[in-house]
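Residue numbers (this note's numbering), protein chains in the order written: chain A, 64 to 253; chain B, 64 to 253; chain C, 64 to 253; chain D, 64 to 253.
Hint data in this document are derived by calculation from the structure and do not stem from the laboratory.
Where hints are given, some of them may not hold.
Here are the simulated distance ranges between beta carbons [unchecked claim]:
hint, chain 1, residue 1, chain 2, residue 2, range
1, C, G221, D, I184, 50 to 56 Å
2, A, D196, B, N65, 47 to 53 Å
3, B, K89, D, F236, 40 to 46 Å
Footprint (simulated), chain C over chain D, 3 or more residues, beta carbon under 8 Å [stated by the list, open to error]:
hint, region
4, 113 to 123
5, 233 to 239
This one's a predicted model, so the numbers in the text were calculated from it and none came from an experiment.
Even glycine gets a Cβ: it sits at the ideal position worked out from N, Cα and C.
4 protein chains.
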Amino acid sequence: MNKNRLEAFSDGVLAIIITIMVLELKVPHGSSLQALTPLIPVFMSYVLSFIFVGIYWNNHHHMMQLAKKVNGKVLWANLHLLFWLSLFPFATAWMGENHYETWPVVMYGCVMFMAAMAYFILESALKKLHGPDSEFANTFGTTIKDTVSCLAYVVAIGGSFITPWVGIACYVFIAIIWFIPERRVEKKIA
Amino acid sequence: MNKNRLEAFSDGVLAIIITIMVLELKVPHGSSLQALTPLIPVFMSYVLSFIFVGIYWNNHHHMMQLAKKVNGKVLWANLHLLFWLSLFPFATAWMGENHYETWPVVMYGCVMFMAAMAYFILESALKKLHGPDSEFANTFGTTIKDTVSCLAYVVAIGGSFITPWVGIACYVFIAIIWFIPERRVEKKIA
Amino acid sequence: MNKNRLEAFSDGVLAIIITIMVLELKVPHGSSLQALTPLIPVFMSYVLSFIFVGIYWNNHHHMMQLAKKVNGKVLWANLHLLFWLSLFPFATAWMGENHYETWPVVMYGCVMFMAAMAYFILESALKKLHGPDSEFANTFGTTIKDTVSCLAYVVAIGGSFITPWVGIACYVFIAIIWFIPERRVEKKIA
Amino acid sequence: MNKNRLEAFSDGVLAIIITIMVLELKVPHGSSLQALTPLIPVFMSYVLSFIFVGIYWNNHHHMMQLAKKVNGKVLWANLHLLFWLSLFPFATAWMGENHYETWPVVMYGCVMFMAAMAYFILESALKKLHGPDSEFANTFGTTIKDTVSCLAYVVAIGGSFITPWVGIACYVFIAIIWFIPERRVEKKIA
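Turn these sequences into a full structure, and let the hints guide you.
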């Protein structure tokens with residue numbers, strides 16, 4: 064079964080998710096510079112989410128480059144990932160418009176965490192399909208980065224009940240560690 | 064005639080349909096967890112429709128993998144399918160925002176039923192084009208699943224006038240039986 | 064220069080145009096069947112415009128199948144076509160929400176006419192690029208259908224000042240004559 | 064690493080950006096010709112931004128045609144470009160709805176300038192990847208057009224504080240000089 068349409072469909076959904084998030088930057092009525100001030104937190108959460116979608120797109124791109132085939136389970140695992148990613152615009156807007164209060168920050172973390180789990184499930188489905196001795200299985204293992212970001216999400220969600228800035232700090236931290244694409248993969252597909 | 068653009072265009076429309084549906088999850092004004100409560104029925108109908116769009120995308124993907132060619136009739140049969148699918152966001156939102164009352168649930172069933180008919184017409188157009196002895200015609204026949212879901216739609220639409228929960232139960236039932244992709248197809252294109 | 068990205072980009076824009084038009088079907092507040100009544104004219108104009116976008120997509124698909132190459136002029140001629148098509152959702156919504164009054168019907172005709180002109184310019188640019196003896200130039204000439212629809216647009220725009228139903232009738236007529244894809248092209252690319 | 068998905072994803076984002084901009088043309092309530100009058104400045108800024116997105120798409124298309132490969136840095140440089148382009152709908156709408164007042168015109172210029180810088184960074188990343196002796200590096204150098212438009216942005220942003228029409232004039236001027244695709248590139252990929 065061909066992986067091209069899975070890539071094309073995922074690209075389409077991710078492209079729309081990114082552009083839907085920007086719609087939350089509602090055009091202000093005034094024309095002064097001050098009219099933009101209330102948009103600053105919305106803009107900041109847009110930037111954060113844009114980077115996260117970028118990370119998912121980059122890693123999805125890398126992973127699918129090494130995938131040789133897909134099956135029905137992979138298609139659904141991919142749709143499952145897209146489902147959680149499709150909630151990013153909602154979670155981003157709720158957080159941005161409420162100036163980073165507790166529940167929106169917690170919700171944002173939950174959606175991010177579920178997307179991370181969904182990505183992990185997709186990777187596992189591809190690994191199982193390619194077999195334990197495949198190049199795919201050898202390239203993608205659980206890394207320290209996976210474990211650290213998983214822990215960071217837990218800290219973010221729990222810590223946000225003390226102050227939401229714990230959550231925000233964790234999300235920025237996770238974005239930074241994932242910003243760099245997988246070197247081991249880049250070498251393989253150079 | 065080339066099938067690639069038909070696939071690409073359908074992927075585009077389906078990707079946008081999925082993401083438009085999520086726009087109905089309007090960002091609440093409050094930041095408490097209770098502010099999300101009124102969104103629960105909207106969210107549930109989003110999940111249901113997401114799964115249906117996923118089923119259509121998966122089956123469309125499978126069907127087009129075995130199609131060797133397309134013609135003018137197939138292009139229009141495909142556009143006809145996309146037309147009914149494009150009404151999913153409307154039907155989903157109307158049902159979700161009215162807490163599953165009779166008419167919205169009936170309307171949802173009608174749109175789903177028309178999409179199922181359109182899919183059947185597309186399959187027939189492809190079968191006719193490939194000829195009765197083609198691999199395509201041998202792989203895709205009317206199955207018991209087709210008949211059962213057709214009946215389930217009729218029960219859903221009729222039963223919703225007694226209580227809309229009959230309709231909802233039928234839609235969930237149809238989603239479950241279609242969740243599993245066509246094994247006979249997967250074998251062929253393995 | 065490669066035609067694939069031109070096709071992909073056009074597919075993307077057309078897919079979004081179709082789905083944006085459906086957004087004008089605003090979800091009604093009530094849950095009775097009567098709540099849908101005010102949507103009927105909006106729905107009818109959506110159906111009409113969906114068919115027009117479908118016609119453009121089909122013909123664009125056919126034309127690009129026979130195109131062997133593109134150049135800078137073709138890229139801009141294509142963007143020019145997409146510009147007028149991008150105004151379809153606006154023209155469709157204005158017409159549907161105003162129950163087919165004079166100016167909205169005239170405006171709809173003007174946008175359609177400009178799109179038709181833009182399509183003609185794109186065809187000419189491709190013809191010039193491929194040369195007068197190419198298969199492309201031999202396949203696509205000005206047909207009686209082109210002349211008739213051009214006249215029909217003029218009648219539609221002028222006649223709408225008597226009664227908008229002249230315009231509507233002309234649009235339906237044009238949709239019908241273009242519904243059938245170009246047989247001469249289908250034969251060539253069979 | 065394959066450049067196809069980078070192209071497909073960029074096409075998707077650009078297609079959506081164009082179509083989101085048209086959503087700012089909000090359907091007026093009246094049906095007279097006068098009801099369209101307040102839309103004229105919004106429409107004019109839509110036309111301007113459509114041309115700019117068209118220019119970016121065309122040049123991106125040309126540049127990627129000559130690119131033989133991409134790497135992680137190129138993926139992020141491309142996402143960075145898409146980020147600034149994704150702010151076009153906001154900047155366009157703010158400018159159009161405020162009838163070209165100072166701050167919106169300045170903001171529009173800033174977003175355009177950042178997009179131009181991002182494009183330059185993407186070009187540099189591709190140049191570095193292909194090496195100084197590659198066909199890519201030989202084709203794309205800093206041209207007089209780059210320098211002139213950079214200066215024009217500075218004049219536009221500064222001059223808008225005297226009168227916003229300086230800004231508008233500069234944007235129109237930049238659009239005109241970039242309208243013509245790169246002849247040196249077209250020759251190479253003829």
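Handout entry: Cβ separation of G221/C and I184/D, checked against the hinted range 50 to 56 Å
Key = holds, 53 Å
Exercise for the section: Take the C-beta atom of D196/A and the C-beta atom of N65/B, compute their distance, and say whether it sits inside 47 to 53 Å. Expected result: violated, 37 Å
Practice task
Please test the hint of 40 to 46 Å on the beta carbon pair from K89/B and F236/D.
Solution key: holds, 42 Å
Exercise for the section: Examine the region 233 to 239 of chain D for residues whose CB is less than 8 Å from any CB of chain C, and state whether their number is three or more. Expected result: That given contact is violated, which follows from only 0 residues of the region 233 to 239 of chain D lying within Cβ reach (below 8 Å) of chain C.
Problem - Given coverage of the region 113 to 123 of chain D by chain C, tested with a Cβ cutoff of 8 Å and a minimum of 3 residues - result: Holds: 4 residues of the region 113 to 123 of chain D have a Cβ under 8 Å from chain C.
Checked against the numbered hints given earlier, this structure breaks hints 2 and 5; the rest are met.
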